[in-house]
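> All chains, please: the whole structure from these sequences, using the hints.
Protein sequences, first through last, are from chains A and B.
As numbered in our numbering, residues 56 to 148 make up the first sequence, in order.
As numbered in our numbering, residues 292 to 655 make up the second sequence, in order.
Just so you know, these hints were derived from the structure itself, not from any lab.
Honestly, I wouldn't trust all of these hints.
Unchecked claim - Only some residues are given here: those of chain B computed to face chain A with a beta carbon under 7 Å:
1) Gln-374
2) Glu-375
3) Thr-377
4) Gly-380
5) Trp-390
6) Thr-391
7) Arg-412
8) Ala-415
9) Val-502
10) Leu-505
11) Ala-509
12) Gln-548
13) Trp-551
14) Met-552
15) Tyr-559
To be verified - Chain A regions said to be covered by chain B (calculated; three or more residues, Cβ under 8 Å):
16) 99-107
17) 123-133
Idealized CB from N, CA, C, for every residue including glycine.
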Amino acid sequence: MNPEKIFLCRCEDVTLKQVRDLLDQGYTSPEEIKRILRIGMGPCQGKTCGLLLQQEIARYLKKRPEEIPLPHARPLVAGVPLEAIAEAADDER
Amino acid sequence: MIEKELVIVGAGPAGLCAARIAAEAGCRVLLIDRSPLLGGQLIKQTHKFFGSEQQRAKTRGFRIAEALVADLKPFGDTVEIWQEATVVGAYPDSVLTVWTNGEYRKIHFQSLILAVGAGERSLAFENNDLPGVYGAGAVQTLMNVYGVLPGKEVVMIGSGNIGLIVCYQLIQAGAVVKALVEAAPKIGGYKVHASKLRRLGVPILTRTTVVRALGDSAVKGVVLSGLDENWNPIPGTESEIACDAVCVAVGLSPLYQLAWMLGAEIPYVGELGGMVPLLDENRQTTVSGVFAAGDASGVEEASSAMVGGRLAGLHAARFLGHLHPDHTAIDTECRAQLSSLRGGPFGAKIRAGLKKAEVKVHAR
Numbered sequence: 056m057n058p059e060k061i062f063l064c065r066c067e068d069v070t071l072k073q074v075r076d077l078l079d080q081g082y083t084s085p086e087e088i089k090r091i092l093r094i095g096m097g098p099c100q101g102k103t104c105g106l107l108l109q110q111e112i113a114r115y116l117k118k119r120p121e122e123i124p125l126p127h128a129r130p131l132v133a134g135v136p137l138e139a140i141a142e143a144a145d146d147e148r
Numbered sequence: 292m293i294e295k296e297l298v299i300v301g302a303g304p305a306g307l308c309a310a311r312i313a314a315e316a317g318c319r320v321l322l323i324d325r326s327p328l329l330g331g332q333l334i335k336q337t338h339k340f341f342g343s344e345q346q347r348a349k350t351r352g353f354r355i356a357e358a359l360v361a362d363l364k365p366f367g368d369t370v371e372i373w374q375e376a377t378v379v380g381a382y383p384d385s386v387l388t389v390w391t392n393g394e395y396r397k398i399h400f401q402s403l404i405l406a407v408g409a410g411e412r413s414l415a416f417e418n419n420d421l422p423g424v425y426g427a428g429a430v431q432t433l434m435n436v437y438g439v440l441p442g443k444e445v446v447m448i449g450s451g452n453i454g455l456i457v458c459y460q461l462i463q464a465g466a467v468v469k470a471l472v473e474a475a476p477k478i479g480g481y482k483v484h485a486s487k488l489r490r491l492g493v494p495i496l497t498r499t500t501v502v503r504a505l506g507d508s509a510v511k512g513v514v515l516s517g518l519d520e521n522w523n524p525i526p527g528t529e530s531e532i533a534c535d536a537v538c539v540a541v542g543l544s545p546l547y548q549l550a551w552m553l554g555a556e557i558p559y560v561g562e563l564g565g566m567v568p569l570l571d572e573n574r575q576t577t578v579s580g581v582f583a584a585g586d587a588s589g590v591e592e593a594s595s596a597m598v599g600g601r602l603a604g605l606h607a608a609r610f611l612g613h614l615h616p617d618h619t620a621i622d623t624e625c626r627a628q629l630s631s632l633r634g635g636p637f638g639a640k641i642r643a644g645l646k647k648a649e650v651k652v653h654a655r
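This is the structure:
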């Protein structure tokens, strides 16, 4: 299989090849990989790719998937226009 | 800041049942759901359910959703429902943020039930970004909610009950299921569903996976490969099938994000589908006043989600000082129903998983 054609993160177009290259360079935590490739930072916020990334890191490190943490979940889980947030903040003043 | 007594996130089978029982107990409830139709995944289920009468078996899924929504009608004064509202954030000081109708709202809750359900697992194969590669949930939504056929010739990946049922629904809708592909040596779902597909002539290929989707701008076919005992593709076993859609039904994983943001302990429990909140016997997470039910606390079926939702609603109400007039009877009945639903060989995995996700905390 050609890892350049396999998408782990469809929101941010991150391929298996890109992830494997980083693993080879020693980046083996989801947080590091996320910061470099933006994997999991698109509209679905990692709901689709989080587990695939976990599996891939586990396979590389020869560990079980549950030994690899999932990327940290932070608000917001869906896109919200800044305008709406600003309006809500104004209302509270 | 909007003040609410009990907030329930997710109006699927668990959330709807939790809302009803909590309202019966005297709670003021806010039920929030992101979709325009209430019922969660039930709204796409056109088939009749198995199980016992108590969980409305022999009724079509979307009819169960209608019945659960109708059950809330008498509580119009105390159950408020926000539809097309997405909870986008949760904060440890008992605050939720909600995105709805172009407005960003903040809610402070006294108690919370997370009934957010599960997300679909995806699969890494070549060209898996081509239009025509669908998750089974999307196929069901297009076909059964909106009446849109996602493809004329479909290859299904995954033979759990969702894969099997969606194959059948595709055939009912006029599509041809070219093959059902399963990586394991055996089908994952009930034999009764698989038998139906075999009678309709659908090839079921076990120990097989998809390695590549074919096509430039849309799916025109798939390449399959046999798998060895270590799940590795066997060279020389590749075969090609023409199709215009690939449907991926490789399981669900609980949505853990809100529980994580609230600071609940959420271990990874493979048997339950992924990260799930630790729960005490009353479905309370490790965060006081925050409860969980349905697939969000472990992927099971709609029947157990309904019963688990009732339990969570009952105990969230008690946490808030509203003891349901039939508390003990309902509590006992729900627990008995859950044991029966999880009995037998098909429940073994769930039972093992739940043990790992259970925390012994004395009821408040």
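> Each of the hints needs a verdict: does it hold here or not?
Hints, one by one, checked against the model:
no.	hint	result
1	Gln-374	violated, 15 Å
2	Glu-375	violated, 12 Å
3	Thr-377	holds, 5 Å
4	Gly-380	holds, 3 Å
5	Trp-390	holds, 5 Å
6	Thr-391	violated, 10 Å
7	Arg-412	holds, 6 Å
8	Ala-415	holds, 5 Å
9	Val-502	holds, 5 Å
10	Leu-505	violated, 11 Å
11	Ala-509	violated, 15 Å
12	Gln-548	holds, 4 Å
13	Trp-551	holds, 4 Å
14	Met-552	holds, 6 Å
15	Tyr-559	holds, 4 Å
16	99-107	holds (count 6)
17	123-133	holds (count 8)
Checked against the numbered hints listed earlier, the structure breaks hints 1, 2, 6, 10 and 11; every other hint is satisfied.
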